[in-house]
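Visitor: Here the protein sequences line up with chains A and B, keeping their order. In terms of my numbering, the first sequence has 34 at position 34, counting the first letter as 1, and numbering is strictly consecutive. Converting from the second sequence to my numbering requires adding 1000 to each position, the first position being numbered 1.
These are calculated hints, taken from the structure and not from any lab test. Watch out, some of these pointers could steer you wrong.
When the alpha-carbon atoms are kept at most 25 Å apart in a straight line, the in silico SDA-like pairs for lysine to any residue are as follows [claimed, not checked]:
no., chain 1, residue 1, chain 2, residue 2
1, A, K147, B, T1069
2, B, K1034, A, D121
3, B, K1082, A, V55
4, B, K1034, A, C40
5, B, K1082, A, D121
6, B, K1109, A, T34
7, B, K1034, A, Q68
8, B, K1034, A, G41
9, B, K1082, A, T34
10, B, K1034, A, R116
11, B, K1082, A, R116
12, B, K1034, A, K147
13, B, K1109, A, E42
14, B, K1034, A, L133
15, B, K1034, A, R28
Take a look at the letters that make up each chain.
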Amino acid sequence: MAELSFILNGSRVRYDGSAADRLLDALRNEYHCTSVKCGCGEGECGACAVLIDGVLHNSCCVAVGAVQDAQVVTLEGYRETARFQALDRAFAELSAVQCGFCTPGILLAAEALLSRSPHPDEAEIREGLSGNLCRCTGYNAIVNAVKRAAEEGDGLW
Amino acid sequence: MVNGYVPASLQEALEIRAGQDVIPYAGGTDLMVKRRPDAQYLFIGRLPELRQITEDENYIHIGAAVTFTEALADPRVPALMKAAVSRIGAPAIRNAGTFGGNVGNASAKADSVPVEVAADAKLRLISLRGERVVEIESFYHGHGTHDLGPDELIAEILLPRTGLDHWYYEKVGGRSALAISRISFASVFDMQEDRITKAAAAFGAVSDTVLRFRDLEAMLIGRSVAEAKDMKPAYLRAYDERLQLTEGRVSAQYRKRVCLNLLEDSLRTFGI
């Protein structure tokens, strides 16, 4: 049987564990991508969100076998991009981060939204982030930060 | 690869399915929550043969591995189905969750299934032995169990192309996103020459399987709207008697009250 491997933040990696293992656990324990958090383990909080072939997924609900040969991007990879810089600046300026546990998932959900809709209105932003729970900020600062990133990062998406 | 198969084609998937004890894995959103690290998964989620939406004269064929996000973007998918799947989870769940998985998981809370039941959808099941097409209603035996053979895969959901213009859908959950249905309700209504030809009502998340009562619907078939209005109290009473609902996260009484309210509201929407 073919070996299990995928492309993690641009580099091909091999996975020797079970194809039934959660991608979440593989990312954290095998590849030390600790930006990926386990909040609920049931796909209901978004803290483990990653991009798989550019599409937002909760990595707690993905088996490693399902990403054979796919492109997986975590915040460790995304933070090297200009788009991240725009979001990072806006989140800092508007205090959209408090404890930070949800932030990696929120940033990747924002990326998924903006890459589909570069100039979203508030309703679209709230819908795009509706799978990401934040227990600190009350969301308004996050929504405003995504809006500002879209404005100031105009042309990046 | 340990504990899994990634077939390159549908044919290869069917061969593995026939020869091994595997669990078909499309989107994973239900399977992975069950946390079965020893499960042998057959990863069919990226097989092109299962990812298509096509049409023939009578049906829209939605491939088993088509995701809810993909269906929402496709103009051929009926508005009733979009109303239901747009309320599932949140973007990341809709990006992963599939039509085949929603059916195959055999939960009465599956949000696409009440629509399929109300719409008289069919399933195409395939194996090395051939294929068979079954009515969605007859596919389910009870909570978590259905009629899929150990060597079979769900290939597609067949939704009728016509007769779905007059519909009603409502999902009652604890919040607007990331909510498991407490009650879901889909109905389809049709008339020809002032006579009711279809008044299908499907209730999800309130019993072991999605409920539909064709004998009660028959009370309205062939009637005019005026006649149906006269029948309405008796019709609602008949449902009140028949709806024997299970207790869940919410009480059976609450479920019944909401089911009857939704049924009445749907009739009102259809002018009855």
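Visitor: Give a verdict on every hint.
Guide: Do the hints match the structure? See the list:
1. Our distance criterion of 25 Å between C-alpha atoms is met by K147 (chain A) and T1069 (chain B), whose separation comes to about 23 Å.
2. A C-alpha spacing of about 37 Å is found between K1034 (chain B) and D121 (chain A), which places the hinted pair above 25 Å, so the restraint is violated.
3. This hinted pair checks out: K1082 (chain B) and V55 (chain A) have alpha carbons roughly 20 Å apart, not beyond 25 Å.
4. Of the pairs offered as hints, the one joining K1034 (chain B) and C40 (chain A) holds, with about 13 Å between alpha carbons and a cut-off of 25 Å not exceeded.
5. Restraint check for K1082 (chain B) and D121 (chain A): satisfied, since their Cα atoms lie roughly 22 Å apart, inside the 25 Å limit.
6. Under the criterion of a C-alpha separation no larger than 25 Å, the hint pairing K1109 (chain B) with T34 (chain A) is inconsistent with the structure, at around 33 Å.
7. At roughly 21 Å between alpha-carbon atoms, K1034 (chain B) and Q68 (chain A) fall within 25 Å of each other, so this suggested pair holds.
8. The hinted pair formed by K1034 (chain B) and G41 (chain A) meets the criterion: a straight-line CA distance of about 10 Å does not exceed 25 Å.
9. Pair hint K1082 (chain B) plus T34 (chain A) does not hold up; C-alpha atoms about 36 Å apart against a cutoff of 25 Å.
10. Proposed proximity of K1034 (chain B) and R116 (chain A) is contradicted: the alpha carbons are some 32 Å apart, above 25 Å.
11. Among the hinted pairs, K1082 (chain B) with R116 (chain A) is consistent with the structure: their alpha-carbon atoms are about 19 Å apart, no more than 25 Å.
12. The hinted pair formed by K1034 (chain B) and K147 (chain A) fails the criterion: a straight-line CA distance of about 37 Å is larger than 25 Å.
13. Between the alpha carbons of K1109 (chain B) and E42 (chain A) the distance comes to roughly 16 Å, so the proposed pair stays at or under 25 Å and holds.
14. Between K1034 (chain B) and L133 (chain A), the direct Cα distance comes to roughly 22 Å. Compliance with the 25 Å bound is thereby established for this hinted pair.
15. Distance check on the hinted pair: K1034 (chain B) and R28 (chain A) sit about 20 Å apart at the alpha-carbon level, within 25 Å; holds.
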